[in-house]
Amino acid sequence: MGSNLATNLPANLSNSPGGAFRGDLSGVNLLRVIGLSKQYVRGGLWKKRVQVAAVTSAHFEIARGQTLALVGVSGSGKSTVARCVARIESPDAGQILVQGTDIARLSSRELLPFRSGIQMVFQDAVMSMNPCFSALEAIEEPLRIQRKAIGNRQERRDRVGRLMIEVGLSPDWMDRPISNFSGGQRQRLALARALALRPRLLVLDEALTGLDVSTQAQIANLLLDLQAAHQLTYLLISHDLALVARMANVIGVMAGGRIVETGPAEQIVSNPMHAATKQLLASAKTTAAKFAAITGAPS
Amino acid sequence: MARDHLIRVSDLSVTYCADEGMPIRAVDGISLEISPQEIVGILGESGCGKSTLAGALLRLLPPGAKSEGGILFRGLELMNLPEAELRALRGREIALIPQDPALSLNPVITAGVLIGEVLRAHLPLSAAERRQRVKELLCEVGFDRPEEIYSAYPHQLSGGQRQRIAIAQAMACRPGLLVADEPTGKLDATLQSEIIELLSKIRQQHGTAILIISHDPAILAGFSDRIAVMYAGRIVEVGSSAEIFGRPLHPYTQALMRIASSMITSAGVISRFPAIAGESPDPGCIAEGCRFEPRCSERMDVCSQRYPQTFLPEPSRLVNCFKYGE
Ligand SMILES: Nc1ncnc2c1ncn2[C@@H]1O[C@H](COP(=O)(O)OP(=O)(O)O)[C@@H](O)[C@H]1O
Ligand code: SF4
Ligand SMILES: [Mg+2]
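Read top to bottom, the protein sequences are chains A and B.
Heads up: the first sequence begins at 1 in our numbering, then just goes up one per residue.
Heads up: the second sequence begins at 1 in our numbering, then just goes up one per residue.
Any given hint might turn out to be false.
Claimed, not checked - One-sided excerpt, in silico: chain A residues whose CB lies under 7 Å from chain B:
1) V50
2) V73
3) S74
4) Q146
5) V213
6) A217
7) Q218
8) A220
Derived by calculation from the structure, the hints in this document are not laboratory data.
Since the structure is predicted, the reported quantities are computational estimates derived from the model, not experimental observations.
Note that beta-carbon positions come from the ideal geometry of N, C-alpha and C, so glycine has one too.
If we strip away everything but chain A, and leave its shape as in the complex, we get (with noise of 0.2 Å):
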């Protein structure tokens, strides 16, 4: 069955432990952090209050129309630096360089002309919005916040129309109630919604997971598809590296808080170096040999 987690590829090129890997080999970064930290403040009331380092000191880049994978176990803290850099949260310290300009400490105020060039999409988006909302209604919601909703009603169902036809949802539902959508469904829409603004990055945390296998298929092609159509920027956040090492350019592996090791995709997946990686590619490994032995594949 195809390729494999386990292909000995010459290691020429060594990953580099501690996350110093430049991804930009063209020399036109879209996205740059630069020690970014940031703590948590657990307990009160009844408890102590302790200080909790979510992430402490990562740095990485992604160059224009790339992918950058961030994997690791939960609680590694790959969604407070995916927060971080779509700015939903202030980070304690570090640099966020968007197309050069640093986002890391501007104010809400500051940061609009940035927030639509930044997007965000996580797992089951949709579901935490109003669920009479209708299509229309969820995929505008950022234009309206945002103040570009622009144009008579015929001209904005158009729009609308043509993002749902770009995500493969039939424009026929644009006024159906969004929790009438299937879950692959509004994962879809989620993304018309995020396209709607035309940013540069999306931030993807944990957009796969919670769906079946084969809605993970469809939306993966469709992530692929878009980035192609756009040269959009993936920040791609996963727990799954298997499935991510075929959507990456460059993997990022989590582990307490640090990014402890960045690659190539494919050096990360043939060449593991520190214990973290080789421990969620074990369990890969794992499957995918049980999977290769019942099925007859080699593996």
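Following the hints, position chain B with the ligands against chain A.
Then chain B with the ligands, alone, in the frame of chain A:
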């Protein structure tokens, strides 16, 4: 086929009758047997009726759901059993690990008490004996420090720990049949295989038969003895695990296997995934022919005209597809 089945489901259908809109036949004429100690996997995508089937086996369906057909468990016809007798049976002889255990765990009751409740409902044990049993169960499902977990509240537990608690609850009375509805659904890859290993161990130690439900073939690989593939309320293929994985017959099963394989094996090179275009039919309006027909790359004229009956291309293999008979 003269084996003694533990449970035998024949021509089971479940219809949800909503006040408004069309009735939904979520499970449509399903027949399936499970032998003692056997692990049977139900494979199918979300909405195909897997959880409805699980609920129907325990006669635990929401009001407004109508079920027909037969469910023979250890010689007892569950469809005719009064509720009081069903209550005595549930948890004791057939236990369910629900799809989202977080929802069924009471937030103000500790894990230990929660498991103890199951014992109290079914077994005449003293409080001290019960406490002892619960601790043994906690060890059995893999907790090193049962004392700590005993007095933990659900919100203090991780997703993986909560899943283990749900398994301990289900195993408390040593049921003959365990129904596990997507037991690894929300967990990380590593935790997923830990839960599957635990279920394997349970079968080995206690001879528990398991009906495991999943949308992911990879979860069932190396675990189930037999697999039934469901599509839009019906079983479309049944075979041994080796047959279903090694030589799937139904075009839907074949496509699903290609997808699953692409998701677990990657050389780190960007490439599209093999996918099935389209979506499964709206359960409110099912057409007459093969339900997979709109998405099938091998469809023929006959496929949209009537439903393919069950063909037996090989002994012990069932498939509903016109490629294997007229
Ligand atoms: N309580 C309910 N009332 C009405 N329809 C339901 C109910 N539960 C499930 N359904 C419908 O029945 C079909 C099968 O659902 P379900 O058994 O949950 O499938 P699965 O577990 O395979 O995802 C779906 O179309 C679903 O919307
Ligand atoms: S019956 Fe026809 S449409 Fe259905 S799976 Fe078989 S070939 Fe495809
Ligand atoms: Mg279900």
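Hint check:
This hint is violated: V50/A has a C-beta 16 Å from the nearest C-beta of chain B, more than the 7 Å allowed. The restraint placing V73/A at the interface with chain B holds, with a minimum CB-CB distance near 6 Å, inside the 7 Å limit. At about 6 Å, the closest approach between the beta carbon of S74/A and any beta carbon in chain B falls short of 7 Å, and the interface hint on this residue holds. With a cut of 7 Å, the hint placing Q146/A at the interface with chain B is violated, because the nearest CB-to-CB distance is about 31 Å.
A distance limit of 7 Å between C-beta atoms decides the matter here; for V213/A the minimum to chain B is near 5 Å, and the interface restraint holds. Using the Cβ-Cβ criterion of 7 Å, the hint placing A217/A at the interface with chain B is satisfied: the shortest such distance is roughly 4 Å. A hinted interface residue such as Q218/A counts as satisfied when its beta carbon comes closer than 7 Å to some beta carbon of chain B; here the least separation is about 5 Å, so the hint holds. Given hint, A220/A at the interface with chain B, holds; its Cβ is 5 Å from that chain's nearest Cβ, closer than 7 Å.
In summary, the numbered hints that this structure violates are 1 and 4.
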